[in-house]
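Work out the full structure: start from the sequences and follow the hints.
2 protein chains.
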Amino acid sequence: MIEHNNKNYVCPLDLGFEIIRGKWKSIILFNLYESSKRFLELKRAAIGVSPKVLTDNLKQLESDGLINKVVYAQVPPKVEYSLTQKGEDLISALTIIQNWSKKYYLNIK
Amino acid sequence: MIEHNNKNYVCPLDLGFEIIRGKWKSIILFNLYESSKRFLELKRAAIGVSPKVLTDNLKQLESDGLINKVVYAQVPPKVEYSLTQKGEDLISALTIIQNWSKKYYLNIK
DNA sequence: CAGTATCCTACATGATACTG
DNA sequence: CAGTATCATGTAGGATACTG
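From first to last, the protein sequence lines are chains E and W. Per the numbering used here, the first sequence starts with residue 1, numbered consecutively. Per the numbering used here, the second sequence starts with residue 1, numbered consecutively.
Among the clues, some could well be false.
[Claimed, not checked] Listed next, the stretches of chain W that the computed footprint assigns to chain E, with coverage defined by at least 3 CB atoms under 8 Å from CB atoms of chain E: (1) 2-16; (2) 21-35; (3) 43-56; (4) 86-98.
[Said to hold, decoys possible] Reference excerpt, derived from the structure (chain E facing chain W, CB under 10 Å, subset only): (5) E18; (6) S26; (7) G65; (8) K86; (9) W100.
[Unchecked claim] Calculated Cβ distances over 12 Å to all of chain E for the following chain W residues: (10) R38; (11) K59; (12) Q60; (13) E62; (14) G65; (15) Q74; (16) V75; (17) P76; (18) P77; (19) K78; (20) V79; (21) E80; (22) Y81; (23) S82; (24) Y105; (25) L106.
It is worth saying that the hints were derived from the structure and are not from the lab. Note that this is a predicted model, so its numbers are computed, not measured. Each residue gets a CB set at the ideal place from its N, CA and C atoms; glycine is no exception.
Set out below in structure tokens:
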């Protein structure tokens, strides 16, 4: 049993998985691995996400240390999101899941 | 845009991730990789899960082809769950996430 | 542009009692 | 033992309008 932020987890996998379980989180991380992106770029990548939910997911990823947020003091605003090393460490796992999905659901490698 | 079971997904990762997003699914898969297990054994591994939720998760994993269910016709009942190849293909990804979690949250390898 | 602010709801998760 | 059957609930996710 592991405790973290006043919640209990069965094992390390339980704790780790909880952090990326959100509907859009893996998509966000994967897109940021390609390159840093702005809010609207991420919104375009996560087709159908509402601004509220995207903001929620981004804030959680940031507070969990998986992404960085850089705000440029200018008008109109410019904000750039990028992966931290901690976030980048997960990309190999996400890549496996993506290839797994392609293999079983798209019949392509 | 990918369609599957009347739901739309942004990309293969979105689709693949959806299948294992459940709170207990990764834990179940990881436990079954160790060895086939019975219902109560899984319940013990997934500390705190209710029988209803465990059943739900198992049924989904089975219908998604990640696990096999073998029922032995005997009293008292004996049911064994095991990984399919499709399920086993995900273990490497889960292992990465587990090690990631240990690295960042337990300070051990 | 990059978000808030509101409001809403479906579903994942859970607690508990019971059964073939 | 391996589940159903019920009932309950929190929250993730979503729709839409608005703002510095």
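- Query: Minimum Cβ separation between S82 of chain W and chain E greater than 12 Å?
  - Reply: 18 Å, holds
- Would E62 of chain W pass as off the interface with chain E, using Cβ distances and a cut of 12 Å? 15 Å, holds
- Is it correct that the beta-carbon of Y81 of chain W has no partner in chain E closer than or equal to 12 Å? 17 Å, holds
- Checking the smallest CB distance to chain E, is P77 of chain W really beyond 12 Å? For P77 of chain W, whose nearest Cβ neighbour in chain E is about 25 Å away, the distance exceeds 12 Å, so it holds.
- Does W100 of chain E pass the interface check with chain W, least Cβ-Cβ distance below 10 Å? 5 Å, holds
- Item | chain W contact restraint on K86 of chain E - CB to CB distance below 10 Å | Hint holds; K86 of chain E Cβ to chain W Cβ min 6 Å, cut 10 Å.
- Message: Between the stretch 21-35 of chain W and chain E, are there enough contacts, at least three residues with CB-CB distance under 8 Å, for the coverage claim to hold?
- Response: holds (count 5)
- Verify the coverage statement for the stretch 2-16 of chain W against chain E, using a C-beta to C-beta distance below 8 Å and requiring 3 or more qualifying residues. holds (count 10)
- Query: Any Cβ of chain E at or closer than 12 Å to K78 of chain W, or is the non-interface label fine?
  - Reply: 24 Å, holds
- Taking the minimum C-beta separation from V79 of chain W to chain E, is that value above 12 Å? 21 Å, holds
- Item | chain E versus G65 of chain W - minimum CB to CB distance exceeding 12 Å, so not interface | 8 Å, violated
- Message: Minimum C-beta separation from V75 of chain W to chain E exceeding 12 Å: can you confirm that?
- Response: 31 Å, holds
The earlier numbered hints that this structure contradicts are 14, 24, 25.
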